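Novice: These are the residues of each chain, in order.
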Amino acid sequence: MEEKAKKPLTAYSGNYRELFYTYDSDGKYDREVRLHDDSDKLFINQTWEVFDERIEEARRKVHAGKASPIVFYMEKDLLDPLSLSMQVGMSLLRVKRHLKPRIFRRLSEEILKRYADAFNISVEQLKNVD
Amino acid sequence: MEQNKIMIDYTHRQAGHCESGTTSNLFKHYGLDLSEPMAFGIGNGLYFSYIPFLKVQYAPMMSFRNIPNTVFRRATRRLGAEATVIRKFKTQKESMDALDRNLEKGIPTGMQVGVFHLTFFPPEYRMQYNMHNMVAYGRDGNLYHISDTVLEQPQTITYEDLQRVRWAKGPFSPNGKMYWITSVDKNVDLRKAVAEGIAKTVYEMIKIPFPLIGTKGIRVLAKDVRKWPAKLGNEKASFYLGQILRMAEEVGTGGAGFRFIYGAFLKEAGERFNSPDLLETADMMGKTANKWREFSYIGARNCKNRSEPVEDYGMLGDMLVEISNMEEAIYKKLEKAKF
Chain A
13 MEEKAKKPLT
23 AYSGNYRELF
33 YTYDSDGKYD
43 REVRLHDDSD
53 KLFINQTWEV
63 FDERIEEARR
73 KVHAGKASPI
83 VFYMEKDLLD
93 PLSLSMQVGM
103 SLLRVKRHLK
113 PRIFRRLSEE
123 ILKRYADAFN
133 ISVEQLKNVD
Chain B
14 MEQNKIMIDY
24 THRQAGHCES
34 GTTSNLFKHY
44 GLDLSEPMAF
54 GIGNGLYFSY
64 IPFLKVQYAP
74 MMSFRNIPNT
84 VFRRATRRLG
94 AEATVIRKFK
104 TQKESMDALD
114 RNLEKGIPTG
124 MQVGVFHLTF
134 FPPEYRMQYN
144 MHNMVAYGRD
154 GNLYHISDTV
164 LEQPQTITYE
174 DLQRVRWAKG
184 PFSPNGKMYW
194 ITSVDKNVDL
204 RKAVAEGIAK
214 TVYEMIKIPF
224 PLIGTKGIRV
234 LAKDVRKWPA
244 KLGNEKASFY
254 LGQILRMAEE
264 VGTGGAGFRF
274 IYGAFLKEAG
284 ERFNSPDLLE
294 TADMMGKTAN
304 KWREFSYIGA
314 RNCKNRSEPV
324 EDYGMLGDML
334 VEISNMEEAI
344 YKKLEKAKF
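First to last, the protein sequences are chains A and B.
The opening position of the first sequence corresponds to residue 13 in my numbering, with each subsequent residue numbered one higher.
The opening position of the second sequence corresponds to residue 14 in my numbering, with each subsequent residue numbered one higher.
Chain B on its own, in the form it takes in the complex (with noise of 0.2 Å):
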């Protein structure tokens, strides 16, 4: 191969979750000041579902976000910015070849990635997560220079290496799926694009008439919290509970499973606007988020001692309850916010 030299004048800055984080510094490469909460409130990032009859990692399934690369594509459609993804390529070294001609033409390029053998990850986040979204930005030789929002460096990685997590197997392989942006239009109506973003979530938290989405699939979970420890005993409710703490506080969701991200987008939005209504959801949003945070602070201590419980599993239960209610109190004010 060439000795191909190319750096793209990027600009990495870490973020709170990886898409949202992605999308906002792609667009702020050509040149839109979109902020990360405004990525993720326009491209929907909010989400819940709790799917128990399916297990991931020996614990039920349970998502705080949207499936991968809705944020992108909802984000760049309602910005109307013109990007371009492809899902998926016949075979790995096409999916390479067309990294290398984006890099070479100078466009930085978003890459879903599974996260268990990507190099330089933290080891405490190895997890069999093929979800993860990162860009590249350069090339030097067999080197990759990549921007990772959830680290605070930007990092390299060789062909091999970044071949291997772009063709992650498992459930939602990414088949070497990239993206990005071709141009954007810098006098976009904000307005409109966050009411439409606005408008689905609340569909997608209360709306949807199916048990397991959004505030209903809170009240589901905490029915099921209060029969962990009955049912499974407290060394695997401890286990379960740990999971979805980890869910909500781990890696890349800016704490209490994006709730804050969303919150601050409401701020945001409620502050260009002038919108009452706006802003005090905003509020309504960081209460709930911390009430979420609180939940963790309460549910760890839990995860101390695996075999005897400190906190009450019905309490936890109907923490729980209380955080569907208050998000369902906010998504119906949502509803009718006039900005």
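Just chain A, with the same shape it has in the complex (with noise of 0.2 Å):
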């Protein structure tokens, strides 16, 4: 759990090939198994580019004690308050609050616990950002 928890998000593999239907100039459709392009990685890589940028953001925000080890690791899941107030089940509103370091030093161990739950890592994990 936690070597996952930890494992960096990471650029283009490349090592998936992938089934694409293709449709030539003579009128055929055809079937190839491939990996993505150059041109479809220019895009894919951005994404996880902009993503980890997020990410880093985040990460220094917390150590500067701007934001709640929350908007760390809702950033490294790859989500955004809205769909975290989803998988916590709790209001929006209530979520966003959670964002502040203020708050999030008085949250229960109980509402932590749902936190680390949707993170997939234990209540130590979320309250440190290394």
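Don't take every hint at face value.
As the list claims (entries may be wrong) - In silico lysine to any residue, SDA-like type, Cα no more than 20 Å apart, as pairs:
no., chain 1, residue 1, chain 2, residue 2
1, A, 53, B, 304
2, B, 101, A, 98
3, B, 304, A, 98
4, A, 53, B, 216
No wet-lab data here; the hints were simulated from the structure.
Keep in mind the model is a prediction, meaning the values are calculated, not measured.
Join the two chains into one complex using the hints; note that each chain is given alone, in its own frame.
Specialist: Shown next, in the form of structure tokens:
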């Protein structure tokens, strides 16, 4: 579990071949199993770059005391406040409050546990962002 | 738990799209040779919607496919197959017990799952996406045998991990949903099923009186794409564009947002029923799919360097309008197609 939580997001590994359908100039449909081409890799890579930047930004904010650790794990799991509120079963407003460090420090163990479960980590991990 | 070892003689075949691939494989298991494109076409896989005010992973929501379980439900209904869908379970344990009972009876069982915690899924496709489909066809102690049509080979997953993905939370959460076929009608009237499938897709693509769905939705998207750089700045415009391209080309679309699969369906149906009308629309759809590919290809250049667009967004918008017109012509033709 711990290993999984710490695994960094990776850019395109390119190891997985997918099935694509094709249509050629003779009007023939075909199927081929191949990797994504270089053009596709441009936007797949960009997506992960943007997500990685957001996660690093969140990490900095947490360390600077400007955001609660929930922000970091939320970004790490590619969630936004709305989808996080659905994951933990709390209202959006309540979740948004919990993103403030001042409020986070006062949260009960029970609430922390709900977040930890949603992120698939322990409460200890939730409190400490490395 | 007792040592249960079950292995159903189920053939894993890789497919373009998870749900139509799963549906096709299940039909084949029961002896009806239904190809993936046929399942996709009859079950109304094709769709387009663009919902700019809803954000998914920080970008406007859009979809090239219908809502989950549409393909399986409509394909089984139109093909006269008996199928069971359990939408919701009270407890997680109950959903796993029901799966075990099915496996013991030798029934390969489809499930809706979330992909974020799906252990064997390629890391680059990890996203908060709850509409994935896969089939369980065996169990060995704590391990389940899984056929996931996105991947080349069959996979295994532990009891705990499987339970987790079947109960993934968030939008479109699966709630343990599972489905299976009990019997198929091998002498089914395919012509009728195909006609019903096409009529419904025509309706959904050009007749729904709502501007964000179908070919009209593509036009709204085109209008927005033109405005993105001025409204959001180059970085965000590039990211938004990248997200559209991901939806169109990434995992489980068969390329070009399912347009190739649908064209292959029209082609297969046209050949089977000897219909020049359908064959002509198949060619039109193939050309449209290639146009989508071209759009992805050109658009991707703007994702290389986020702050400096290489291609003009106005031109990309024009391409989308052209695509929308091409698609509209196809559905109008399909509406009157004879076969």
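Novice: Go through the numbered hints given earlier and state which of them the structure violates, listing their numbers in rising order.
Specialist: Hint check: 3 and 4 fail, others pass.
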